[in-house]
Each structure stands twice: as structure tokens, then as C-alpha cells.
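Asks: Chains A and B are the protein sequences, given in the same order.
Heads up: the first sequence at position 30 corresponds to 29 in numbering that gives the first Met the number 0, and the numbers run straight through without jumps.
Heads up: the second sequence at position 100 corresponds to 99 in numbering that gives the first Met the number 0, and the numbers run straight through without jumps.
FYI, nobody ran anything at the bench for these hints, they're computed from the structure.
Among the hints, a few may not be true.
Identical copies go unnamed one by one, so any copy, or any two together, can satisfy a pair.
Below, computed lysine-lysine pairings styled on BS3-like, alpha-carbon distance capped at 27 Å [stated by the list, open to error]: (1) K141 <-> K82; (2) K127 <-> K82; (3) K165 <-> K122; (4) K140 <-> K33; (5) K141 <-> K127.
There are 2 protein chains.
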Amino acid sequence: METKISEKVINRLTLYHCILTDYLASNQEFISSKQIAQLLNIDDSQVRKDISMLNNSGKGRVGYIVKELKMSIEKTLGFKKTKNAFIIGAGNLGTALANYDNFTNYGLNIVALFDNDTRKIGKTVNNKLILDIAKLDNLTKKTGVDIAILTVPRQYAQSIADRLVKANIKYIWNFTPSVLSVPEGVQVWNENLMGNFLQFTYNI
Amino acid sequence: METKISEKVINRLTLYHCILTDYLASNQEFISSKQIAQLLNIDDSQVRKDISMLNNSGKGRVGYIVKELKMSIEKTLGFKKTKNAFIIGAGNLGTALANYDNFTNYGLNIVALFDNDTRKIGKTVNNKLILDIAKLDNLTKKTGVDIAILTVPRQYAQSIADRLVKANIKYIWNFTPSVLSVPEGVQVWNENLMGNFLQFTYNI
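Same shape as in the complex, but just chain A (with noise of 0.2 Å):
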């Protein structure tokens, strides 16, 4: 696969990787770009656009066949393409992303969480480790984790941030309300909740 995906194609592939594997869990073997579109209330022309960009977009005589079509989601997005990230932050947030299990489904593996309060260090979550956040310049050294996903608190967003960019972390996916400022090479990634919500509730 060689053509650039954008963004927005990324977005609604992983809906529709979500809406198959509703699908294979209820034995449904066929499924066709009406029925994803009308789950997501789009145009079912903009779902055949989406499908005629993966390589195999296992099109059968009654629909695209579920197997197949999320085979080629998987494929084309890299869901095998195992991404190691740290999550810095063992609070409720930082737990809730470590037990969410379908991020290994799309490639995304947890290797450890950090934090400073002594009480959280050393314990696990969901299997994996909680430690001292004084480790983590050694830990990425060894390991070259270079993706951090951060849930600390506002007030400790941006001091924790200019520790992930001395201990080499180049991508952080921010789930705090600040905006982080961080040298170029260093990419951010905003999960903008509030910014969600105004977006979805602006009308009401």
C-alpha cells in the first residue's frame, strides 16, 4: 500500500474495524457499505470510497465478507505493526487506558505505567508494571519506547512533558487539558475531550 491515507479515511476505517468486529462476534458473514454507513450516518458512497482504497477489499456476490474486509483494515492500517508506548500517569485515566484491551487488537502494546507515589509503584495493572517515574530516562534507554501517552494532572502536564523530551520520547498522545510546548522533532498529539464535546453538543 503505497498511497498516502489521510486522516479523516484513518479515522472512519477504525469505525468501520469497530462495526466488523461486532459483526464476526455475532457470526454475521456479510456486510454491506449501506449497513456500515447507516450505523455511522454517513453516505454508504463515502464507505465504497473508503473500501476501494484497501488492497483487498474482500468484496463478495452478497456484500463485502466481514473476515476479509477487517482482514484488510488490519493490514492496510498496520494493526500488526506492533507500537510499544509508555503510559505516564497510574491514576484512574491511566488505569482505565491500561486495562482497555483492544488497544493491543490495533498494534498498540503497553509496556509499563510510571508515577511518583510510592503507594502505585510496583504494583500492576492489567499485567503490567507501575513504576518509579525516576526510572524512566534508563527505561526508555533500554527499551526504546519512544511514544508516551500522558494522564497526569494538569498542573504537572508540561514539567512531566520536558522529562519525556530530555529521556528521548518523540510522540506524546496528550490526554491532559494543557498544551504542551516541546522542541521540534517532538510530536504531540491533543485529545482534545472538551474540545469533542463542544463540537457534539454546540447545537443543543
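Once you have looked at the hints, place chain B on chain A.
Replies: Frame of chain A; chain B shown alone:
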């Protein structure tokens, strides 16, 4: 403010708001479009254009006045128009969201949580009661709350969504990795975390 604001602009304005909150917290009075643009890795002409949509941009001699620009965003996006919501599922994610004090700054008020776990029912999270899911119907009628934040495990997502629809919930903010089937008149916002992650890391 009569102009329709696009979802993308809403999203960016909330990010500007995060930055302004941080600036205010560190007692900085002024901010330039360049400073905002740099933090978000976008063009500063974009920032100026977005801000020009606000009724009062708080433009001063040496940049925008942080306090005024912040208030202006709040007014335009209706942060003061409180929206009441229930959280369905008092697990780690539901608890994390109930603890997310930032919500109230954006006009999102969590009225209560619901769960079916008798060990959780009756307890509180961040001063909000965890109630029996069996009482949902009654409570939506009494309170008029029509927004639900869905954080239950994947396998219960659809059956709980059916229940929410029956209880007259009109807006579902869906944090589960399941795509919900709902009747017309009910809106779902899929918080597609894995889609976001893959957009972020696709080129790694």
C-alpha cells in the same frame, strides 16, 4: 453570535482556551497569535482568522489580552450554558471522567454515575452519586437529563445504548469501541480513541 462555527474551529478554539488557561495561571497578561500557533504547530494566520470570528477578540497593543480572549471564547462556545449529563459505567474510565474537574469549566455538569455493580451503587465519585442502572428511566424523567457518557465494557455497549434510548437519552458520547445502532433522533459521538492513535502514529 449568529454565525455557524464549524467543528474544526470549535476544536481549535477549545485548544486556544487551554493555552489561555495556562497563561492565566502563570500570570501572563498578553499572548500573540504566533505564540498560540507555535504551541499547536499550526499557521498563525489560521489562529488570527479563528479569533476574528469571536465578537470581542480582546486585541490589545501588544497582542491579545489573555483574560478577555479567554472570556470571549467561553461566551462564543457557550461554556456558561450548563449541560447536564450522566456517566453510564463507574469503572476506571467513568471514574476518571467524573473526576475530570475541567469539565465544569466547559459547562459540562456530571449529575450522577450509573452502574449495575451493587458494591459500587450508593458510593460517590468526586461528590457524585453512583446509582443503580435500574433507576435510569426514572431519573431521566425527573431530571430531564438527555446526555449520557457511555463507558461500559464493549460487550454491554449496545444493550445499554438500547436502554438509554428507551429512557429518552438523546445524546450519547460513546467511549466504548463499539459502534452503536440507535434510532433517528438520537445522536452518537464516537470517541474513537484508536482511530486517533492511528492517525497520530500512522507514519511512524
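Asks: State for each hint whether it applies.
Replies: For each hint, the structure was consulted:
In the homo-oligomer, the alpha carbons of K141 and K82 lie at most 27 Å apart inside one protomer (16 Å), although the nearest pairing across protomers, at 47 Å, exceeds that limit. Taking identical chains as interchangeable, the C-alpha atoms of K127 and K82 lie at most 27 Å apart only when both belong to the same chain, with a minimum of 16 Å there against 37 Å between chains. Taking the closest pair of Cα atoms, K165 and K122 come within 27 Å of each other only inside a single copy of the chain (26 Å); across copies the shortest separation is 41 Å, beyond that limit. For the homomeric pair K140 and K33, neither the shortest alpha-carbon distance inside one copy (48 Å) nor that between copies (34 Å) is at most 27 Å.
Taking the shortest alpha-carbon separations for K141 and K127, only the intra-copy value of 17 Å comes in at or below 27 Å, while the best inter-copy value is 43 Å.
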